[in-house]
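Sequences and hints are given; from them, build the entire structure.
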Amino acid sequence: MDRKLLYSTVALIGIGMVMVYSSSSVMAENRFGSHFFFLKRQFIWLIMAGIAAWVVMKIDLKKYAAYSVPLIFISLALLALVFVMPARNGSHRWLFIGPFTIQPSEIFKLLVIVYLAFSLSQKKRDITNLKQFLLPYVPLIGAGLMLIILEPGLGSAMTITLTVLTIFFLAGVRLYHLSVLTLPLVGLVSFMVFVLGYKKPRVIDYMSAISDPLSGSYQVKQAVLALGAGGIFGSGLGDGRQKLFFLPYPHTDFIFASIGEEVGFVGLTVILILFFIIIRQGFKIALYQPDKFGYLLAMGITASIFTSVIINIGVVTSLLPTTGIPLPFISYGGSALLISVISVSVLLNLSRRKGVVVR
Amino acid sequence: MKNRDSLTFSKPRMAVVYALVILIWCALFFRLAVIQIVNGEEYGDRARKQSTGKTKVKAERGLIFDRKGRQLAVNVISNALYAYPSGKKEIRNIYRYLDRLYNRKSGSSQKRYSLSPNRFKYIDRDLSDALAAKITNDSIPGLYIEKGVKRDYPFGAVGRQLLGYTNIDGNGISGLEYSYDSVLAGIPGLIDYLRDAHRNTYRIKTIPLVRPVAGNSIVLTVDWYFQEIVEDELKAAVEKYNALEGTAVFLDCRTGEILAAADYVAGENNDAVKLRAVSNCIEPGSVFKIVAASALLDEGLVDLEEKIYCEEGLWRCGRSRMRDDHKYDSLTFQEIIELSSNIGTGKLALRLGPEKLCEAIDRFGFGQKTYVGLPGEQSGYIGDPGVWSDYNIAALSIGHSIAVTPLQLSSAMAALANGGSLYRPILIRGMINNEGKLIQKSKSLMIGRVIEEKNAELMQSFLAGVVERGTGTPVKSDIVTIAGKTGTAEVPDLENGGYHKNKFVASFLGYFPAEKPQVAGIVVLHQPEPIHYGGHTAGPAFKNIAERYTITNSESLRPDTKLASDGDNDLLEIPDFIGRDVSLAMKIAAKKGLNLVSDRSEGVVVWQFPPEGRRIPGTETVAVVVQNDDENNEKVTIIDMSGLQMRTAIAVLNYQGLKFEIDGYGKVKKQFPSAGALVGKKARCRLVCGKV
Numbered sequence: 000m001d002r003k004l005l006y007s008t009v010a011l012i013g014i015g016m017v018m019v020y021s022s023s024s025v026m027a028e029n030r031f032g033s034h035f036f037f038l039k040r041q042f043i044w045l046i047m048a049g050i051a052a053w054v055v056m057k058i059d060l061k062k063y064a065a066y067s068v069p070l071i072f073i074s075l076a077l078l079a080l081v082f083v084m085p086a087r088n089g090s091h092r093w094l095f096i097g098p099f100t101i102q103p104s105e106i107f108k109l110l111v112i113v114y115l116a117f118s119l120s121q122k123k124r125d126i127t128n129l130k131q132f133l134l135p136y137v138p139l140i141g142a143g144l145m146l147i148i149l150e151p152g153l154g155s156a157m158t159i160t161l162t163v164l165t166i167f168f169l170a171g172v173r174l175y176h177l178s179v180l181t182l183p184l185v186g187l188v189s190f191m192v193f194v195l196g197y198k199k200p201r202v203i204d205y206m207s208a209i210s211d212p213l214s215g216s217y218q219v220k221q222a223v224l225a226l227g228a229g230g231i232f233g234s235g236l237g238d239g240r241q242k243l244f245f246l247p248y249p250h251t252d253f254i255f256a257s258i259g260e261e262v263g264f265v266g267l268t269v270i271l272i273l274f275f276i277i278i279r280q281g282f283k284i285a286l287y288q289p290d291k292f293g294y295l296l297a298m299g300i301t302a303s304i305f306t307s308v309i310i311n312i313g314v315v316t317s318l319l320p321t322t323g324i325p326l327p328f329i330s331y332g333g334s335a336l337l338i339s340v341i342s343v344s345v346l347l348n349l350s351r352r353k354g355v356v357v358r
Numbered sequence: 000m001k002n003r004d005s006l007t008f009s010k011p012r013m014a015v016v017y018a019l020v021i022l023i024w025c026a027l028f029f030r031l032a033v034i035q036i037v038n039g040e041e042y043g044d045r046a047r048k049q050s051t052g053k054t055k056v057k058a059e060r061g062l063i064f065d066r067k068g069r070q071l072a073v074n075v076i077s078n079a080l081y082a083y084p085s086g087k088k089e090i091r092n093i094y095r096y097l098d099r100l101y102n103r104k105s106g107s108s109q110k111r112y113s114l115s116p117n118r119f120k121y122i123d124r125d126l127s128d129a130l131a132a133k134i135t136n137d138s139i140p141g142l143y144i145e146k147g148v149k150r151d152y153p154f155g156a157v158g159r160q161l162l163g164y165t166n167i168d169g170n171g172i173s174g175l176e177y178s179y180d181s182v183l184a185g186i187p188g189l190i191d192y193l194r195d196a197h198r199n200t201y202r203i204k205t206i207p208l209v210r211p212v213a214g215n216s217i218v219l220t221v222d223w224y225f226q227e228i229v230e231d232e233l234k235a236a237v238e239k240y241n242a243l244e245g246t247a248v249f250l251d252c253r254t255g256e257i258l259a260a261a262d263y264v265a266g267e268n269n270d271a272v273k274l275r276a277v278s279n280c281i282e283p284g285s286v287f288k289i290v291a292a293s294a295l296l297d298e299g300l301v302d303l304e305e306k307i308y309c310e311e312g313l314w315r316c317g318r319s320r321m322r323d324d325h326k327y328d329s330l331t332f333q334e335i336i337e338l339s340s341n342i343g344t345g346k347l348a349l350r351l352g353p354e355k356l357c358e359a360i361d362r363f364g365f366g367q368k369t370y371v372g373l374p375g376e377q378s379g380y381i382g383d384p385g386v387w388s389d390y391n392i393a394a395l396s397i398g399h400s401i402a403v404t405p406l407q408l409s410s411a412m413a414a415l416a417n418g419g420s421l422y423r424p425i426l427i428r429g430m431i432n433n434e435g436k437l438i439q440k441s442k443s444l445m446i447g448r449v450i451e452e453k454n455a456e457l458m459q460s461f462l463a464g465v466v467e468r469g470t471g472t473p474v475k476s477d478i479v480t481i482a483g484k485t486g487t488a489e490v491p492d493l494e495n496g497g498y499h500k501n502k503f504v505a506s507f508l509g510y511f512p513a514e515k516p517q518v519a520g521i522v523v524l525h526q527p528e529p530i531h532y533g534g535h536t537a538g539p540a541f542k543n544i545a546e547r548y549t550i551t552n553s554e555s556l557r558p559d560t561k562l563a564s565d566g567d568n569d570l571l572e573i574p575d576f577i578g579r580d581v582s583l584a585m586k587i588a589a590k591k592g593l594n595l596v597s598d599r600s601e602g603v604v605v606w607q608f609p610p611e612g613r614r615i616p617g618t619e620t621v622a623v624v625v626q627n628d629d630e631n632n633e634k635v636t637i638i639d640m641s642g643l644q645m646r647t648a649i650a651v652l653n654y655q656g657l658k659f660e661i662d663g664y665g666k667v668k669k670q671f672p673s674a675g676a677l678v679g680k681k682a683r684c685r686l687v688c689g690k691v
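Note that the protein sequences, when read in sequence, are chains A and B. Numbering-wise (numbering that gives the first Met the number 0), the first sequence opens with residue 0 and increments by one. Numbering-wise (numbering that gives the first Met the number 0), the second sequence opens with residue 0 and increments by one.
FYI, nobody ran anything at the bench for these hints, they're computed from the structure. Positions of the beta carbon are idealized from the N, C-alpha and C atoms, including for glycine. Check before you lean on any hint, since a few could be wrong.
Which residues of chain B face chain A? A partial, calculated answer using Cβ under 10 Å [stated by the list, open to error]: (1) I21; (2) L27; (3) A32; (4) Y42; (5) G43; (6) T51; (7) P116; (8) A196.
Distance ranges between label pairs, derived from CB positions [unchecked claim]: (9) G141/A - N92/B: 52 to 62 Å; (10) T51/B - Y63/A: 52 to 62 Å; (11) N166/B - S214/A: 47 to 57 Å; (12) F35/A - G592/B: 48 to 58 Å; (13) T51/B - S214/A: 16 to 26 Å; (14) L213/A - F28/B: 18 to 28 Å; (15) S214/A - F28/B: 22 to 32 Å.
Below is the structure:
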């Protein structure tokens, strides 16, 4: 088993628990009358994630991979189901089951990776054939992405899109075919924004916010102020001020800014290095896989973690337009934690396959 | 290109992805470095600014001292109870607790306070120490005690009309606390605190950004022991002569410094917010005759040998009549003053004419504010001399149809007593900063001369004659020679015009000692009954005040150089001993660290001095007197007075009804008869006092 991967993940989850408490306690006390409200829930999710991870580690993934076909339809149904659920913060991203909330887009993300690894590694599949490439995947994944975009969950959609494109790229899809798929999309979006003027001011704001983050949206401005206030060494654990309702979502989507304020550039560097170790180990695991299924699965999961991290940090540091996406292992949020832990346990499972040597 | 189930992935494509990962990672590091290191300071300042609030902190309020350095207004720790509940459950709990704490019907706290979660609310801003300790001990979640500072007046009600009040926030709202608020208040400091985006306050820093500057203290010209005597005698006089109210003002006639100023309103809470001696005008009556008399002497319009026909008690002047209480045939000028003949004064005043009389009134300071520094001061009222008839002039000379304040009268009398110099009355001796350094010293300000010196001496002899053989004989004292003028003015009838025939303002305006004047002052009683003569009502009160002043201040009244008190900071509050057994009283006193002396060792305490609630230094002694079970109540036991403050000893002897004489001043050194002697009430005691 890949110990570097395991320890890095455990370290990030530990950091996450501490920082969820630090950044949410004031709000939790204020809103729910208990400092530990969010921490407790996150801990319960962590236990469930641990059990799930243990199960995933034990099974032969290749044997069960075929189930991803029916499961992906179920997850599409769940994605549709969120629209009958009450909205939170103006979007339909969550299913409410008792005291817990589940994000179907997270489930969909994992299932798409498993499904693609399974499907693309089938012998009969000729990925270099445009018809074979477009027909099964584009309608299925496109439907899921449309539902997620409608939530609206642009961040999740971006993560899934980038992950899927990476898998296709690595599976050997011709670059010409990939551009047939992506260039019209890019063209359409550019046309809508710059010619039709759809959300043009927001895009222009975003462009100017890259050079001057304080001119951006309120959330990004507060995130950048928090990072700046942290400086090199940070204000000290628990001593952040931006979480006092200045920084929105200090324990979920903007937790990276909360952490940056309290532990500074030095602390964030440690976190970025830990993430990089996970991604590098993912590459290594993929490299040693005995079959295409394992290779695509490992790379798909690595890509999904990578894209989640860069989109989250990109938003917080005002490099990307504002969109809500959790930071894997760290942000408060049950289903995100569950899925990212399962993702790593899939990698760990793959690292134990015959012939895999990981250092 | 068919894939086999072997390692058939594209290494170059993986390398491309890996290179992209590293590139993006480096970009993120670079971006973070720009935000956190390059721009960190600027962003950090912006962030701290929005989460930092600034609040003012009150400076410590300056104290008020009397002329001897006694603390009159001080700051003590106060407890405020407030609620800051975090939820509904805590609120319910708090309601229940408060209902029990204040013994109120259940549910009444809910109506009274209506708390809501995460909202600050004061429950009680002035909590007793005992209650605060109990609440702290019970530690109810959401209920907290806030320590603050409140104003305290060690002398209780004494002189409160002068000192005034502060409100719960410590701002002066009446009296000197109000008029000297800017001096006492100091400069507030600035404290910054952490606040959230909803403007809730979190941590208040203990170290202020800008330190508050404590207020300056003021030192009054008033002698608080004398003030107490004046209040005591004024109250006794109002009650004894059934007056509606009384006013008294005394000042040092050589400097204009006010030594005492008091009001007493019968049957009313005397925590009045104004001092009537400066804020209420009276028609002075005969005491005002000193003005016309002084002018007549200065103008040389009266011959001392001359006999003035006093019309047998009824004088027709124009269409009006003037009466004397006693019918006189002819009187000399001196007799007119001594016997207070209205007709004689009025006829002589006609020689002055309106202009000269008006000038004299002006010169004596009437009709003008003294700016003594108390809120609500009146200037008084003088009419227009251009329209005065003869009768108007005559009436004015005897103190009618003019409105003056008691302070103006005292100050005028002080001018006569000191040989003719009118001083501006002052209430503030100086100001000291919070390090005890004198920063401003008031100088006595001579406004002008009201009478030539030789004529002032003449007036003084007339005024001494008033007490010696005139209308003021009840004022005559064995202890101190008093000079002055009586006044019995009719009260104007504001509804029907003219004057009430049976309502009077009785007054005595004088100074003492007559041979070497030190203190001038006035006692005014409003509508005393049935005796209404000033000489017989206000007069005796003036006499008592003069005597008690002389006994307690046999030292000369030279202005003290030392202003702040030393060692008087540890004041002990005197408990109520009355009704307790002597042995128990002794125990209580010992526990408090007080010295207690009693006339007998057994029995129940019926009297104590100083009274309950007063604060005294631990070096002073409390005297108590035990119930006299002697059948005829004729004999009393002499208390052990050695080491007793002279005023305490005098209070005991007065209470026991014994006559006494005193040598020296300070604390009692020797006493005759000796302690424990059983004496009759006619016995005379002799005390020798001095510095022990």
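Hints, one by one, checked against the model:
1. Of the supplied interface hints, the one on I21/B holds, with its beta-carbon coming within about 9 Å of a beta-carbon of chain A, less than 10 Å.
2. Because the beta carbon of L27/B sits about 6 Å from the nearest beta carbon in chain A, less than 10 Å, this interface hint is met.
3. Residue-level restraint check for A32/B holds (minimum Cβ-Cβ distance to chain A is 7 Å; threshold 10 Å).
4. Checking Y42/B against chain A: minimum C-beta separation of about 2 Å stays under 10 Å; hint holds.
5. Nearest Cβ of chain A to the Cβ of G43/B: about 4 Å, under the 10 Å cut. The hint holds.
6. A hinted interface residue such as T51/B counts as satisfied when its beta carbon comes closer than 10 Å to some beta carbon of chain A; here the least separation is about 8 Å, so the hint holds.
7. At its closest, the beta carbon of P116/B sits 8 Å from a beta carbon of chain A; the interface hint therefore holds under the 10 Å criterion.
8. The closest approach between the C-beta of A196/B and any C-beta of chain A is roughly 4 Å, which is under the 10 Å cut-off, so the hint is satisfied.
9. A C-beta distance of roughly 58 Å is found between G141/A and N92/B, which places it inside the suggested range of 52 to 62 Å.
10. Between T51/B and Y63/A the Cβ separation comes to about 57 Å, which falls inside the hinted range of 52 to 62 Å.
11. Distance hint check for N166/B and S214/A: the Cβ-Cβ separation is about 48 Å, which falls inside the suggested range of 47 to 57 Å.
12. Separation of F35/A from G592/B is about 52 Å and conforms to the stated range, judged on CB atoms against 48 to 58 Å.
13. In this structure the hint that T51/B and S214/A lie 16 to 26 Å apart at CB holds, the actual value being about 23 Å.
14. The beta-carbon spacing between L213/A and F28/B, approximately 21 Å, falls within the hinted interval of 18 to 28 Å.
15. Range check, S214/A to F28/B: about 23 Å between beta-carbon atoms, so the 22 to 32 Å window is met.
When each numbered hint is compared with the structure, no violation occurs for any of them.
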